[in-house]
Amino acid sequence: MATVTAPAEGRTSSAGAHLSRKKRLFFPFFLPAVTLYVLFLLVPTVATVVLGFTSWSGAGDTPRFTGLDNYGELIASDAFRYSFLNTVLYIVAGGVGTFLLAFLFTMVLREMRGGKVVRAVLFFPNIVAPVALGMFFGIILVYRPNRQGLANYLLESVGIDAVKFLAPENITWVVTGCLIWASSGFYITILMAAVDRIPPYLYEDSDIAGATPWQKFRHVTLPLTWDVVGVAGVLWTISAIKIFELVFVLAGPGTYSPPIRSWTLGVYVFDRSFGDQGAPQYGMACAAAVVMILLVSVLVVLLRRLMRRDTIQY
Amino acid sequence: MTSTVDERLGGPVRKPPRKPKPAPTARGFSPLRALGMAVVWLFTALNVLVLYWLVMAAFKSPIEIFTKPFALPSYWIERGQAFRNLAYAWNNAGFGRAFVITVVLVAVSSVAIVLLAAPAAYALTRLGVRGANGLTNFVAIGMGIPFQTVVIPLFIGMAELDLTNNLFGLFLIYVALSLPFTVFLLTGFFRSLPDELEEAAAIDGASPARTFFTIMLPLARGGLITALILNAIGLWNETLLSIVFLNENANFTLARALFAFNSAASYQSEYGGLVAGVAIVVLPMLVLYVLLARRIITGLTLGAGK
Chain R
30 MATVTAPAEG RTSSAGAHLS RKKRLFFPFF LPAVTLYVLF LLVPTVATVV LGFTSWSGAG
90 DTPRFTGLDN YGELIASDAF RYSFLNTVLY IVAGGVGTFL LAFLFTMVLR EMRGGKVVRA
150 VLFFPNIVAP VALGMFFGII LVYRPNRQGL ANYLLESVGI DAVKFLAPEN ITWVVTGCLI
210 WASSGFYITI LMAAVDRIPP YLYEDSDIAG ATPWQKFRHV TLPLTWDVVG VAGVLWTISA
270 IKIFELVFVL AGPGTYSPPI RSWTLGVYVF DRSFGDQGAP QYGMACAAAV VMILLVSVLV
330 VLLRRLMRRD TIQY
Chain P
3 MTSTVDERLG GPVRKPPRKP KPAPTARGFS PLRALGMAVV WLFTALNVLV LYWLVMAAFK
63 SPIEIFTKPF ALPSYWIERG QAFRNLAYAW NNAGFGRAFV ITVVLVAVSS VAIVLLAAPA
123 AYALTRLGVR GANGLTNFVA IGMGIPFQTV VIPLFIGMAE LDLTNNLFGL FLIYVALSLP
183 FTVFLLTGFF RSLPDELEEA AAIDGASPAR TFFTIMLPLA RGGLITALIL NAIGLWNETL
243 LSIVFLNENA NFTLARALFA FNSAASYQSE YGGLVAGVAI VVLPMLVLYV LLARRIITGL
303 TLGAGK
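Those protein sequence lines, which keep their order, are chains R and P. Each residue of the first sequence is one higher than the one before, counting from 30 in my numbering. Each residue of the second sequence is one higher than the one before, counting from 3 in my numbering.
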């Protein structure tokens, strides 16, 4: 009854009490997750940065501080140069290819029957393990006269000479192609979700004005999906920097590292730490891992800069 | 004729007062559009073809795989051993054991991830704590850290604790490394819930903890299930960590077993078994995808939308 006689007072104090009780819940709720996050992700990242300045071959050896020696050695090594350039190539060429394809699809899918089915089919490779994709492509692309994989079988059946897809000199482009094939569905879906939010009357108006598909894309679709394209670009970058299994399985014999011409930074780190050849070089592997973080940070910041503009309200 | 145009452009909702004549170029032949249509259908057909090839090849002999890629399998079926490849992968290459391990590990890890991430996401969005946005970003940064950068110190640390080549150790790592994505995903779901129900519960005298467990969690059920499924998919396919942390056949997960089987199978020309192994990894995902495609697609693309 007290609350009825003094409603205002009672309510504010109980509301205040409730709020503070709510805030007391924060740490028990938040701490377990953030503790694991810090212990298993942030601390190891810092440790990697520190180990990057040391020379260490793992168990039985103690890390020796060597300053920037690892980085000098990295720059001088062929394996690292290939790894770095290939990684950049996959991010840039794979990214441009994926986004061009995705844009082309948004132009067509918007006014196409069965678009939903097409999207669902194209999305599927995204939930297949990259190892499985790699092996699968390995069997499809294999070059062996008289017993060709599916790709060369098709080429030969239309009278074109078979291609050694998996030879070291071709492998980078083949992986780029596989990458575009496997990931375009994801970006098509993201971009289409953004395109579906564009009010249809804008397209009606441009139809009436006689706009070509290219003009509609250039002056309606692109400006109105620009922000989503930016986010998708960031997602692409942080997923493409990790490419490892696909290359490892596709370019090499399987359990051992593939020829260095096909390496990515992910393969380099793995080969120098857990690969089966000789003593591990944890220091070098950590330095290469630091290069990965730097590369992804630089690219993401650059991309955000490039994509920045005023938001459009519609 | 005109009715189809209306339909295509969004139906009768916005009907112009007078039906405009279609502009000359809008209905005419556009090479760019034709090219686009061709590419889209070719690409889609290729995907379907590739899936067909995979399923069929799992039942073929190596010679059939390479010389008759599109034919229906016959060699093993004629010998009354239709499932010979699958049986080989399952029994001889250890996929049977790996399958059981993977199912248990993935299920337990996904549940643990959601149990830890849901309260954290709730705390970040609903408790009115200052600085919560900054903390959310702090957690979200974790999504951008490649696993290669943490794997060496993690391996050393886990070796100290005797948790390498140990499924419990891998479980811990899976849970911890999946948290940033899951917390980020769930903050989106919790943020979208209405305030009113929470206020009503408070007025009725429910404690904040009780409000969370009996009101908000059930409301966020859709989000929790999505998080569960996406984590299950991610961990089912996870390879790098399982390669680093598991080195005994008895502990292998499916992706790890496939990785180990790859070179052995190529040397013995055991392509039938290899394709069957790939199929054992891929087909459960296909079944899940056919059942839950919409939820998976929206869940995975959620972060990018807004």
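Simulated from the structure, these hints should not be mistaken for laboratory data. Hints may be right or wrong, so weigh each one.
To be verified - Listed below are the simulated EDC-like cross-link pairs for lysine to aspartate or glutamate, each with C-alpha atoms no more than 16 Å apart in a straight line:
# : chain 1 : residue 1 : chain 2 : residue 2
1 : P       : K70       : R       : E185
2 : R       : K52       : P       : E200
3 : R       : K145      : R       : D225
4 : R       : K52       : P       : E162
As the list claims (entries may be wrong) - Take a look, some chain P residues computed to stay more than 12 Å from chain R by CB distance:
#  : residue
5  : A36
6  : W43
7  : N49
8  : F72
9  : L117
10 : L156
11 : L169
12 : A252
All C-beta atoms, glycine included, are put in the ideal place defined by N, C-alpha and C.
Practice prompt. Assess, step by step, whether the Cα of K52/R is no farther than 16 Å from the Cα of E200/P, and give holds or violated.
Written response: holds (14 Å)
Fill in: Least C-beta distance from N49/P to chain R larger than 12 Å
The claim is violated: N49/P sits with its nearest Cβ about 5 Å from chain R, within 12 Å.
Worksheet item: Is the nearest CB of chain R more than 12 Å from the CB of W43/P?
Response: Per Cβ check, W43/P is inside 12 Å of chain R; nearest 8 Å; violated.
Item to complete: Say whether it holds or is violated: A252/P keeps its Cβ farther than 12 Å from all Cβ of chain R.
Response: holds (18 Å)
Worksheet entry | Reported absence of F72/P from the contact zone with chain R (all CB gaps over 12 Å) | violated (9 Å)
Worksheet item: Holds or violated: K52/R with E162/P, Cα cutoff 16 Å?
Response: violated (38 Å)
Worksheet item: Is the nearest Cβ of chain R still more than 12 Å from the Cβ of L169/P?
Response: holds (16 Å)
Discussion item. If I take the minimum Cβ distance from A36/P to any residue of chain R, is it greater than 12 Å?
Written reply: Non-interface label fails for A36/P: nearest chain R Cβ at 10 Å, not farther than 12 Å.
Worksheet item: With d taken as the least Cβ-Cβ distance between L117/P and chain R, does d exceed 12 Å?
Response: violated (9 Å)
Practice prompt. Below or equal to 16 Å on CA atoms is what counts here, so check K145/R against D225/R.
Written response: Distance ~12 Å between K145/R and D225/R Cα, so the pair holds.
Worksheet item: CA of K70/P to CA of E185/R, is that 16 Å or under?
Response: This hinted pair holds, its Cα atoms lying about 13 Å apart.
Discussion item. At 12 Å, judged by beta carbons, does L156/P keep clear of chain R as stated?
Written reply: violated (5 Å)
Checked against the numbered hints given earlier, the structure breaks hints 4, 5, 6, 7, 8, 9 and 10 and satisfies all the rest.
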